[in-house]
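Please arrange chains H, V and D on chain E, whose structure you already have, making use of the hints.
There are 4 protein chains.
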Amino acid sequence: MSKAEPTPRSAFRFAHRLRVRWSEVDPQGIVFNPNYFVYADVGFTEYMRAAGLAYPQDLHAAGSDLFSVAAAAQFRDSARYDDELAVAVRAAEIGRTSLRFEMYVYRDDALLVAIELTYVNAGRESRRAEPVPPALIERIVAFEQTAPARR
Amino acid sequence: MSKAEPTPRSAFRFAHRLRVRWSEVDPQGIVFNPNYFVYADVGFTEYMRAAGLAYPQDLHAAGSDLFSVAAAAQFRDSARYDDELAVAVRAAEIGRTSLRFEMYVYRDDALLVAIELTYVNAGRESRRAEPVPPALIERIVAFEQTAPARR
Amino acid sequence: MSKAEPTPRSAFRFAHRLRVRWSEVDPQGIVFNPNYFVYADVGFTEYMRAAGLAYPQDLHAAGSDLFSVAAAAQFRDSARYDDELAVAVRAAEIGRTSLRFEMYVYRDDALLVAIELTYVNAGRESRRAEPVPPALIERIVAFEQTAPARR
Amino acid sequence: MSKAEPTPRSAFRFAHRLRVRWSEVDPQGIVFNPNYFVYADVGFTEYMRAAGLAYPQDLHAAGSDLFSVAAAAQFRDSARYDDELAVAVRAAEIGRTSLRFEMYVYRDDALLVAIELTYVNAGRESRRAEPVPPALIERIVAFEQTAPARR
Chain E
1 MSKAEPTPRS
11 AFRFAHRLRV
21 RWSEVDPQGI
31 VFNPNYFVYA
41 DVGFTEYMRA
51 AGLAYPQDLH
61 AAGSDLFSVA
71 AAAQFRDSAR
81 YDDELAVAVR
91 AAEIGRTSLR
101 FEMYVYRDDA
111 LLVAIELTYV
121 NAGRESRRAE
131 PVPPALIERI
141 VAFEQTAPAR
151 R
Chain H
1 MSKAEPTPRS
11 AFRFAHRLRV
21 RWSEVDPQGI
31 VFNPNYFVYA
41 DVGFTEYMRA
51 AGLAYPQDLH
61 AAGSDLFSVA
71 AAAQFRDSAR
81 YDDELAVAVR
91 AAEIGRTSLR
101 FEMYVYRDDA
111 LLVAIELTYV
121 NAGRESRRAE
131 PVPPALIERI
141 VAFEQTAPAR
151 R
Chain V
1 MSKAEPTPRS
11 AFRFAHRLRV
21 RWSEVDPQGI
31 VFNPNYFVYA
41 DVGFTEYMRA
51 AGLAYPQDLH
61 AAGSDLFSVA
71 AAAQFRDSAR
81 YDDELAVAVR
91 AAEIGRTSLR
101 FEMYVYRDDA
111 LLVAIELTYV
121 NAGRESRRAE
131 PVPPALIERI
141 VAFEQTAPAR
151 R
Chain D
1 MSKAEPTPRS
11 AFRFAHRLRV
21 RWSEVDPQGI
31 VFNPNYFVYA
41 DVGFTEYMRA
51 AGLAYPQDLH
61 AAGSDLFSVA
71 AAAQFRDSAR
81 YDDELAVAVR
91 AAEIGRTSLR
101 FEMYVYRDDA
111 LLVAIELTYV
121 NAGRESRRAE
131 PVPPALIERI
141 VAFEQTAPAR
151 R
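Residue numbers (the working numbering), protein chains in the order written: chain E, 1 to 151; chain H, 1 to 151; chain V, 1 to 151; chain D, 1 to 151.
Next up, chain E with everything else stripped away, as it sits in the complex (with noise of 0.2 Å):
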């Protein structure tokens, strides 16, 4: 992830409500980390529900599936138990294999974890790299308010 200045929240138009649960947090009361993941995970999910998209069936019915190939966070502060949280999503680039979204995770105004997944699209079989779905790219594309990057 660049050391650049985090995407503002306005470029989010989806965001995924979810409570910190007791499972979540660690013995120093904050979340662990890799529950940041998780949350992304379900936003994700989330977007695509929003976007318009059963995933994974849709992709599947194609003959395709993401594949997370890289993640990157940045821990800004600590989210605690039964935090309200706003997981915010947003496509941020599509090449021509791969997706790479953005998940930040905010209370109230405050950003706590700014995280990246990049998504390589491949055949369920081969798992090899396969151009996008040109009716994924299209309703991603119709969903975003802030155009994504194209590659």
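Calculated directly from the structure, the hints in this document are not laboratory data. Computed from a predicted model, the values in this text were never measured in an experiment. The C-beta atom is built at its ideal place from N, Cα and C for all residues, glycine as well. It is possible that some hints are incorrect.
If we take Cβ atoms under 7 Å as the criterion, some of the chain H residues that face chain D in the derived model are [to be verified]:
1) R21
2) S23
3) V38
4) D41
5) V42
6) Y55
Frame of chain E, contents of chains H, V and D only:
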């Protein structure tokens, strides 16, 4: 789980050792209770390996699988971060279509958690109860030092 | 857990809705059993909130805390990825120093998992059983539509 | 994480072995990605133990603690249920107030996941960055075979 006395440790032939992870400890500084069922599951896998059974492959090859249908636990004391625990496992009872296992979690000589899990043997496709494969019963009986109850 | 019939759904006043996460589903395509205890824990927190109790702060302020001492579950059917579940929660029995709760997990009208959790009220420092604070009992009794058994 | 070549295995002096648990595997039959960060955390604990440091007690005694502020991962291949993995851990860089570690997850000779974690040393109360205790640096430098970069 009956209110009777717990099974004595001498009845267990097998134990799997593990160390409490940071991710398993809650803000009270103790292992979050559902994680003891994860330990029991790990113990079950290692018991099967020690008994010479490749689980779940051997069952799958016979067209069946084990489904846990009931669980019970008594939480007597708490494990803490970095504790070394022993998960003792035994087959307590063998029924026609079911198996009852005990998984007891110890720290040194202290019994922390006593778990009972009941599995039903079912067809992988039908998911209907079927007799436990005789080969599985033979392996278990040969492995145990204290003969499981028969029902 | 007794082998008797499960509690009818009408006895539950409260239910918390949640959706199965990818991280909670195992290679069989069903929710890994220990996660139902996580759902029960989430349900308990939300029950307390709905009953007007700030848990655990209110108990801590009174110098006590609830420790789960026993758990039992019957797994009747399996939840799958993305299922919407209702975790119904009720106080089934109030003892002098203990509370017994039922957490039943439903998908639509189907009871998937029936859980019982027994909590003991204990001093935060002493960790010895102490009478359940009357204010907690009053809140629970006022909230329930089906009066909890008294022991 | 830079796009450059991963660190060669020979640069790692230390590795912790673990086996993939059923609870860590997702419906695709592969380890759910956030669990690799749990493995990295377990590896970090065991690295500290091997280096002769009682973590976190030694740091707490000095009034400080390590907070993870950034994480990056490249997922190159997938671990499966029951795989035996080696989590190789090394201190890659020592800064004035921060430490950068690499945790690489191998199955036999294959690098599956390359993780980088950056920790900041902070006052336990203040949570403000403070110089890494010299005793911690000495221990790490003495333990590593490949000298960490100094920044």
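Evaluated hints:
With a least beta-carbon distance of about 6 Å to chain D, the hint placing H:R21 at the interface is held under the 7 Å criterion. Residue-level restraint check for H:S23 holds (minimum Cβ-Cβ distance to chain D is 5 Å; threshold 7 Å). Checking H:V38 against chain D: minimum C-beta separation of about 5 Å stays under 7 Å; hint holds. About 6 Å separates the beta-carbon of H:D41 from the nearest beta-carbon of chain D, less than 7 Å, and the hint is met.
The restraint placing H:V42 at the interface with chain D holds, with a minimum CB-CB distance near 6 Å, inside the 7 Å limit. Interface restraint check: H:Y55 against chain D, minimum CB-CB distance 9 Å, threshold 7 Å, status violated.
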